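Could you slot chain B onto chain A? The hints should help.
2 protein chains.
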Amino acid sequence: MLNISDSLESLVDELSKLPQIGRKTAQRLAMHIIKQPKEDVEKLSKALIEIKEKIKFCSVCCNITEDDVCKICSSEKRNKNVICVVEDPKDVYAIEKTNEYRGMYHVLHGRISPLDGIGPNDIKIKELLYRLDEKETGKVDELILALNPTVEGETTILYLNKLIKPLNVKITRIARGIPIGADLEFADEVTLAKAIEGRVTV
Amino acid sequence: MLNISDSLESLVDELSKLPQIGRKTAQRLAMHIIKQPKEDVEKLSKALIEIKEKIKFCSVCCNITEDDVCKICSSEKRNKNVICVVEDPKDVYAIEKTNEYRGMYHVLHGRISPLDGIGPNDIKIKELLYRLDEKETGKVDELILALNPTVEGETTILYLNKLIKPLNVKITRIARGIPIGADLEFADEVTLAKAIEGRVTV
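First to last, the sequence lines map onto chains A and B. Note that the first sequence covers residues 0 to 201 in numbering that gives the first Met the number 0. Note that the second sequence covers residues 0 to 201 in numbering that gives the first Met the number 0.
Same shape as in the complex, but just chain A (with noise of 0.2 angstroms):
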């Protein structure tokens, strides 16, 4: 590209650091936010400074949230003694769309992965040892892991599996199966599998 000018070259460089944004995206992103009005950008670029001061993650169960501790963990109306157990923050809001689950959460930010050189220190697995200390924060009955189907999530599963069944504390996991809607015809072999493996009385 003909360097033109230095701000847009930087603009065009730091949006391209952003997922999923290729430099040719970057570009057609710098030349409309070239085109917006001095106040729509401007509040673009307070909300990013204001994200990064204001975030912080929860000290009850690293969720994100404003506050030291989120609105899930400060609030009355929710089972204390069950935790739902996630990857990730955005798995939080997934569940919680379905307006069925009313117990606590604990979000891991990531999962076992030898391959990415991702161990157990390197997600809030001791944070969420402590929350199942009986004298430290009360009685936990069932930790839920809803973590992902993939390998990596099922690593992750048998490691947290092995750590927690000395605490006494029913494990479970969330169910395996067709998706609603979908069409046996086209499901795949494991998920089948599982379908069979997992069925229950009607």
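Note that these hints are calculated values from the structure, not bench results. A quick note: this is a predicted structure, and the numbers were derived from the prediction, not measured. Among these hints, one or two may not hold up.
One copy or any two copies: either way a pair holds, since identical chains are not told apart in the list.
Claimed, not checked - Here are the simulated lysine-lysine pairs, BS3-like style, with alpha carbons at most 27 angstroms apart:
1) Lys89 / Lys37
2) Lys161 / Lys138
3) Lys45 / Lys16
4) Lys164 / Lys45
5) Lys89 / Lys42
6) Lys134 / Lys96
7) Lys89 / Lys76
8) Lys55 / Lys45
9) Lys16 / Lys134
10) Lys53 / Lys138
11) Lys42 / Lys76
12) Lys45 / Lys169
13) Lys164 / Lys55
14) Lys70 / Lys37
15) Lys37 / Lys16
16) Lys123 / Lys34
17) Lys164 / Lys34
18) Lys16 / Lys125
Frame of chain A; chain B shown alone:
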């Protein structure tokens, strides 16, 4: 989405105003930004503000630039007698990358599109006419219309042709035909017809 944080919501709002970025992508980008080091986010935020402060339109060709007159317009090495008219600053980059054209440019910042309510006065036609005025800026021999071969582009070409013909300037348009590397078999009828119509002696 569960309203966890106002600053997250407002960042997602601002990001989803960008072209081709929906709410879901904006959420993913925001989550990525939360995980980034503070310096990186500050750099992006600063780049956004800087571009609005520094970028302006060249007073001659209306291309974007950081100076009053852009590098191409102020260059001594370029042929001032030929002006290539394009719709958008992006088109200037595209033509510059060919390393074939050594004349000047004029950026219209749009094309005549009655359906979108864009008339001749909404794009930089007045500025082009001023440049064609011999007494003001010197003799222009040729005007190359490098507009996109769309209905709106054609409309703009027709309008400019009618307007500029009396000024006694040679008006040309870039060739329409089969792109290099393409297959005749897969070319659409209009392109193929234009390619035959515009045939040249070998």
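- Item | Lys164 and Lys34: within-copy, between-copy, both or neither at 27 angstroms Cα | neither (59 angstroms within a copy, 32 angstroms between copies)
- Task: Give the relationship of Lys164 and Lys45 under a CA distance limit of 27 angstroms: within one copy only, between copies only, both, or neither.
- Result: neither (47 angstroms within a copy, 50 angstroms between copies)
- Message: At most 27 angstroms between CA atoms: does that hold for Lys164 and Lys55 within a copy, between copies, both, or neither?
- Response: neither (31 angstroms within a copy, 65 angstroms between copies)
- Could you place Lys134 and Lys96 in one of the four classes (within, between, both, neither) given a Cα distance threshold of 27 angstroms? Result: close neither inside a copy nor across copies, 32 angstroms intra and 69 angstroms inter.
- Indicate which option fits the pair Lys89, Lys37 if close means a Cα-Cα distance not exceeding 27 angstroms: within, between, both or neither. Result: close only across copies, 21 angstroms inter versus 31 angstroms intra.
- Item | Lys42 and Lys76: within-copy, between-copy, both or neither at 27 angstroms Cα | neither (36 angstroms within a copy, 41 angstroms between copies)
- Since the copies are identical, ignore which copy is meant and state whether Lys37 and Lys16 lie within 27 angstroms (CA to CA) inside a copy, between copies, both or neither. both (23 angstroms within a copy, 14 angstroms between copies)
- Are the CA atoms of Lys89 and Lys42 at most 27 angstroms apart within a copy, between copies, both, or neither? Classified as both: same-chain Cα gap 24 angstroms, cross-chain 25 angstroms, threshold 27 angstroms.
- Item | Alpha-carbon proximity context of Lys70 and Lys37, limit 27 angstroms | The answer is between: 24 angstroms across copies meets 27 angstroms, while 35 angstroms in one copy does not.
- Have a look at Lys16 and Lys125 and pick one of within, between, both or neither, based on CA distance no larger than 27 angstroms. neither (31 angstroms within a copy, 39 angstroms between copies)
- Message: Reference check for the pair Lys16 and Lys134, CA-CA at most 27 angstroms: within, between, both, or neither?
- Response: neither (45 angstroms within a copy, 49 angstroms between copies)
- Message: Within, between, both or neither: how does the pair Lys89, Lys76 come out at a Cα-Cα threshold of 27 angstroms?
- Response: within (22 angstroms within a copy, 55 angstroms between copies)
Taken one by one, the earlier hints fail for this structure at numbers 4, 6, 9, 10, 11, 12, 13, 17, 18, listed in ascending order.
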